[in-house]
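Below, each chain spelled out in residue letters.
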Amino acid sequence: MGSYIPSTPASRQQMLNAIGMQHAEELFADIPNEMLAGELAIPPGKSELEVRRILQGMEAQNTVFPTIFRGAGAYRHYIPSIVKQVASKETFVTAYTPYQAEVSQGTLQMIFEYQTEICELTGMDVANASVYDGASAAAEATIMCRERARQTVLVAATAHSDTIDTIQTYSDSAGAPVVPIAAENGVINMQALKEALGPEVACLYLQSPNYFGQLEDAKAAAELCHAAGVKLIYGCNPIALGLLQTPAEAGADIAVGEGQPLGMPLSFGGPYLGFMASTKAMMRRLPGRIAGETTDADGKRCYVLTLQAREQHIRREKALSSVCTNQALCALTATVYLAALGPAGLQQVASQCYSKAHYMAAELEKAGFARRYKGEFFHEFVTECPVEPQKLLTALEAKGILGGLAVEGGILWCCTELNTKEEIDTVVQICKREAQA
Amino acid sequence: MKLIFERSRPGHGCDMLPANDVPTLQPAAEYTRQTAPNLPEITEGEISRHYSELERNSRGVNNGFYPLGSCTMKYNPKINDEMAALPGFAELHPLQPPHTVQGALQVMQMAEELLDEITGMDCMTFQPAAGAHGEYTGIAMIKAYHKKRGEGKTRTKMLVPDAAHGTNPASAAMNGYTVVTIPSAPDGGVDVEALRAAAGADTAGLMLTNPNTLGLFEKNICEITQIVHDAGGLNYYDGANLNAIMGIVRPGDMGFDVIHLNLHKTFSTPHGGGGPGSGAVGCKTILAPFLPRPVVAQEGGTLVLSNDIPDSIGKVRSFYGNFLITLRALCYVLTLGQQGIPAAATGAVLNANYLMRKLATPAEIAYNRTCMHEFVLSMKTLKKETGVSALDLAKGLLDYGIHPPTMYFPLIVEEALMFEPTETESIETLAEAAEAFRALVALAHQNPEALHSAPHSTPVRRPDEVGAARNPVLKYDFAR
Numbered sequence: 001m002g003s004y005i006p007s008t009p010a011s012r013q014q015m016l017n018a019i020g021m022q023h024a025e026e027l028f029a030d031i032p033n034e035m036l037a038g039e040l041a042i043p044p045g046k047s048e049l050e051v052r053r054i055l056q057g058m059e060a061q062n063t064v065f066p067t068i069f070r071g072a073g074a075y076r077h078y079i080p081s082i083v084k085q086v087a088s089k090e091t092f093v094t095a096y097t098p099y100q101a102e103v104s105q106g107t108l109q110m111i112f113e114y115q116t117e118i119c120e121l122t123g124m125d126v127a128n129a130s131v132y133d134g135a136s137a138a139a140e141a142t143i144m145c146r147e148r149a150r151q152t153v154l155v156a157a158t159a160h161s162d163t164i165d166t167i168q169t170y171s172d173s174a175g176a177p178v179v180p181i182a183a184e185n186g187v188i189n190m191q192a193l194k195e196a197l198g199p200e201v202a203c204l205y206l207q208s209p210n211y212f213g214q215l216e217d218a219k220a221a222a223e224l225c226h227a228a229g230v231k232l233i234y235g236c237n238p239i240a241l242g243l244l245q246t247p248a249e250a251g252a253d254i255a256v257g258e259g260q261p262l263g264m265p266l267s268f269g270g271p272y273l274g275f276m277a278s279t280k281a282m283m284r285r286l287p288g289r290i291a292g293e294t295t296d297a298d299g300k301r302c303y304v305l306t307l308q309a310r311e312q313h314i315r316r317e318k319a320l321s322s323v324c325t326n327q328a329l330c331a332l333t334a335t336v337y338l339a340a341l342g343p344a345g346l347q348q349v350a351s352q353c354y355s356k357a358h359y360m361a362a363e364l365e366k367a368g369f370a371r372r373y374k375g376e377f378f379h380e381f382v383t384e385c386p387v388e389p390q391k392l393l394t395a396l397e398a399k400g401i402l403g404g405l406a407v408e409g410g411i412l413w414c415c416t417e418l419n420t421k422e423e424i425d426t427v428v429q430i431c432k433r434e435a436q437a
Numbered sequence: 001m002k003l004i005f006e007r008s009r010p011g012h013g014c015d016m017l018p019a020n021d022v023p024t025l026q027p028a029a030e031y032t033r034q035t036a037p038n039l040p041e042i043t044e045g046e047i048s049r050h051y052s053e054l055e056r057n058s059r060g061v062n063n064g065f066y067p068l069g070s071c072t073m074k075y076n077p078k079i080n081d082e083m084a085a086l087p088g089f090a091e092l093h094p095l096q097p098p099h100t101v102q103g104a105l106q107v108m109q110m111a112e113e114l115l116d117e118i119t120g121m122d123c124m125t126f127q128p129a130a131g132a133h134g135e136y137t138g139i140a141m142i143k144a145y146h147k148k149r150g151e152g153k154t155r156t157k158m159l160v161p162d163a164a165h166g167t168n169p170a171s172a173a174m175n176g177y178t179v180v181t182i183p184s185a186p187d188g189g190v191d192v193e194a195l196r197a198a199a200g201a202d203t204a205g206l207m208l209t210n211p212n213t214l215g216l217f218e219k220n221i222c223e224i225t226q227i228v229h230d231a232g233g234l235n236y237y238d239g240a241n242l243n244a245i246m247g248i249v250r251p252g253d254m255g256f257d258v259i260h261l262n263l264h265k266t267f268s269t270p271h272g273g274g275g276p277g278s279g280a281v282g283c284k285t286i287l288a289p290f291l292p293r294p295v296v297a298q299e300g301g302t303l304v305l306s307n308d309i310p311d312s313i314g315k316v317r318s319f320y321g322n323f324l325i326t327l328r329a330l331c332y333v334l335t336l337g338q339q340g341i342p343a344a345a346t347g348a349v350l351n352a353n354y355l356m357r358k359l360a361t362p363a364e365i366a367y368n369r370t371c372m373h374e375f376v377l378s379m380k381t382l383k384k385e386t387g388v389s390a391l392d393l394a395k396g397l398l399d400y401g402i403h404p405p406t407m408y409f410p411l412i413v414e415e416a417l418m419f420e421p422t423e424t425e426s427i428e429t430l431a432e433a434a435e436a437f438r439a440l441v442a443l444a445h446q447n448p449e450a451l452h453s454a455p456h457s458t459p460v461r462r463p464d465e466v467g468a469a470r471n472p473v474l475k476y477d478f479a480r
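The listed protein sequences correspond, in order, to chains U and A. So for the first sequence, the working numbering puts the first residue at 1; every next one is plus one. So for the second sequence, the working numbering puts the first residue at 1; every next one is plus one.
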C-alpha cells in the first residue's frame, strides 16, 4: 500500500503527545460515534507496480486508431515534442492558482502570454485565463450577454450538439429561454434569424466552422444582431483562425472555442481548454481568472490576477459565474504549441487541414459520396453515404482507420495535417469498394 | 523576465510539418483573415529556455511546503501522471465506438464504484471539470428534483452558511436561487437555531462543507441535515474539505443527498497552476434520474455511454469531463486502498493539529477546538499591537521558502490565515514552518517595517494590484 505519508509511527506518537492525545481516534472526537464509517468496502492498497499493471490491463482493452478521420468537436493534430516536455515541467504541473504573485510570476506571465495569443487569434480586445472547455465557454458567454430585459438566447442549430445542450442547461438554470435558429443547407437560415431577433433577445451563439464543417456568414449575422441590439457570440476553431476570418473581423462581441486542437491529445474528451475573449466593453463581465500587467514595489514589470471584483470569492451570490479552477495547464499547452508553430506554422497547419479536406471531399464525390451541403467549409464536411454507414465504418476499422462520424443524412468527415494523401486515397478506395459491393 | 513576444525574431521558428502532399488550396478572400496573428517567431531552443525561466519563477508542491488552506496541496504521485499519458488512454477519440474504449469506460466505472463507497453515494458523474462546476451541477440536480415533484416554483431558497466558499452562493445564484446566509454559532459551527428558523416550505436545500472552512467538524451535523430534510429540502456537500474525513465518516451517512469531490485536492491530482481539475458529483438514488448525460451503463456484457436519462439536467460541458483526471484519481484510490484512505485523512488531521498547537502561542487560534485538516489563525491582536497584518506575515513566509496560507478567508475571521498542511508533510517540515512563523511574529514586534516591505528575497515584491485593476493591461502591446 502506498500512502505518500512521510511520518513514522514514532513521529506520529510524538505529534499526538504534543497535542495532548494518546490515540489518533481522539482526533475525531467531534464526529458522532454511530456515524463513523468503519472499514470501507474497497480493496486493500496496492504497490505502484500492481497499480501500473491494473491500468495497463485496462489500457489494453482500448483501441488506438493509427488513422483518424473523425473530428466532431475533438481533433487529432500533430503535437510538437517541446509541447509535452514543457507542459510536464513539475512546477507548472503542481502549482496552485497564482494567488501569491511574488512567487508565481512564471505562471502569471504564462497566463498573460496566453491571453495575448487568444486575442491575436480571435482579434478580440481581452481574453480570460480559460474556462473548462469550449461548450461551457459558450454557455458562460450567454450569461455575459443576458440583461434584465434581454433574457432570450438564440442558438444556431448548426452548432455542436454538446454546446447547444450545455447552453440549454445553463439557460434552464436561470430560467432564460433558448430558441434554436433553424439550419438550411448546412448553415443557419438568415431569414429565421431575422424573425427571431427582438427586444427580448440577449445574444446569438453562432459556430463557424459549424458542426458540419461549413462556414457561416457570421458578418451578416453580426449585422442583423447588432441592428436589433443583440450580441453575437462567435464559436471558433483556433486552428481555423490561422487562415480564416477572425471573430473580430466578423463583428463578434464575444469569441469562444474549444482549445483542444492547440496541442492537447484527444484524451477521451478531456482535459480540454475553453477559451473566451471579448470586446473591451464586455471585459468586466468575463468570468474566471484574468492576469494583468503592473509594477512591483521596485517599479519592476510584473503580473497579477486582476479585476477580481468580478469573481465569486468577492461577489459571492452576485457573481455572474462561479468558475474558480480553470484549465491553466491546458492554457500553457496551447501557448507552447502556438510558440512552436509560430504564425507561419499555424497558417501551414490550417492550410493543410483545408487542402486535405477539400482533396478528400473531391475524391469521395468521384466515388459516389457526394457532399451534402454546398458552400465553403474548413476541415470537416458531410457526405451522403450510399451504403449502410455502420458497414462502411466497420470496413474502415478493419484497416485501423477511424472513419467519419455517422450523422443524420450521411457521414461527417474530418481531415487534419496528420492525414496523408495515401491515407485519404485508402479511405476513398474502401468507400468505393463498399459502395459497389 | 522577457515575454515570449520579446524573444521573437522575424524568420525564426521551428520546422514541424512536411510539405503538403495534396494540391494546396486557398479559400476565397472573403473567408480569410486580413492580417496574420502576432505569434512568436522563435526557435525550439529559445522556447525551452523561456519556459525554464518561467518555471523557475513559479511555485509548486515540488518546491516546498504549500499549506494553502482549502486547497489540499498534497504530494502529486508521479505514477498517476504516467498512467494518464499511456497512449491507450491519451490517444482515444471521445466518439470512438464503445467496443474500442472498454478500458476507458472501465476506468470511469471503477472510479465511480470506489468513490461511491468512500463517500456513501449511489451514483457519480465525472462530467464537471472543477469544484465550482460540480456545485453548479449538483444544485441544478436539486432544482430538477423539486421541479419534478411540482415544487420548482415554491422552493426558491438555498441556505448557505456565512463561512462557505464563495463558489457556493455563486453556484446557487447561477441556478436562479435566492441565497439565504446562515450565521455561524460562537463555536464556529452552523447556528442550528438560525438554520431552523430559516428552513421552510421555500427551502430548496442547504450547501455545506464539513469540516467547514474553519477546519471544524460540524458536531450537530445529523440535526442540521435533518432540519433541511424535514423542511423538504436536500443537502449538498461541498467536498473541498473531504481530505479530513475520507474513510472516517461518509457524507452519505451524514445526511447529504448530493456531493462534489475535488479530485484535484483530496485525490492527489495536480492543480496545474489553476486546473484542470475535476468536480465529480455523487448522489443518492433519489437524484440519479437528474444526473448529466451520458452515464456509463452495462449493456449485455459491454459498457456503453447511455443517454437514456429522460429527466437529466442535460450536459454541463462536452463529452465526459476531464477523463485523464478521473484516471489519475483512480490510480490514487487503488494505491491507498482500504487502509490508506483513512490513514491519509488521519495524517492530515494530525499534521494540522500539531501545527496549530505549535502556532498557538505566537498567534490566536480563531476557534480553539480540535481542528480537522486545516485551521484558521486570527492575527488581529498582532495587527493591533504592531500594525503587522496577516498579509505582511504571509509575505514574510515567502522569505522562508514557504508558500503562505490562504489569507483573509473565511470572511468571518478578522485578519485570517488558514493553514492546511496535508498528510504528505513530515514533522520536521511542520516544525520548521512553525519556527519561521514564530520568528516572523517576533520580528513584527521588533521591526514591523521589515514585514510591511516583505518579501525581500523573491523575484518581485508587492505588485501594485490596485493599479493593475484601475488601468487593466491584459495583453502585450505589440506597438510599444
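Bear in mind the hints are in silico, worked out from the structure with no lab data behind them. It cannot be assumed that every hint is accurate.
What the hints assert, rightly or not - The calculated BS3-like cross-link candidates involving lysine-lysine, where the alpha carbons are at most 30 Å apart (straight line), are:
{"no.": "1", "chain 1": "U", "residue 1": "K399", "chain 2": "U", "residue 2": "K366"}
{"no.": "2", "chain 1": "A", "residue 1": "K219", "chain 2": "A", "residue 2": "K380"}
{"no.": "3", "chain 1": "A", "residue 1": "K380", "chain 2": "U", "residue 2": "K318"}
{"no.": "4", "chain 1": "A", "residue 1": "K219", "chain 2": "U", "residue 2": "K280"}
{"no.": "5", "chain 1": "A", "residue 1": "K2", "chain 2": "U", "residue 2": "K318"}
{"no.": "6", "chain 1": "U", "residue 1": "K84", "chain 2": "A", "residue 2": "K78"}
{"no.": "7", "chain 1": "U", "residue 1": "K280", "chain 2": "U", "residue 2": "K300"}
Outcome of the hint check:
1. U/K399 <-> U/K366: holds, 22 Å
2. A/K219 <-> A/K380: holds, 27 Å
3. A/K380 <-> U/K318: holds, 28 Å
4. A/K219 <-> U/K280: Roughly 49 Å between the alpha carbons, so the hint for A/K219 and U/K280 is violated.
5. A/K2 <-> U/K318: Violated: A/K2 and U/K318 sit about 38 Å apart, past 30 Å.
6. U/K84 <-> A/K78: At roughly 15 Å apart (the allowed maximum being 30 Å), A/K78 and U/K84 satisfy the hint.
7. U/K280 <-> U/K300: holds, 26 Å
The structure is inconsistent with the numbered hints 4 and 5, although it conforms to all the rest.
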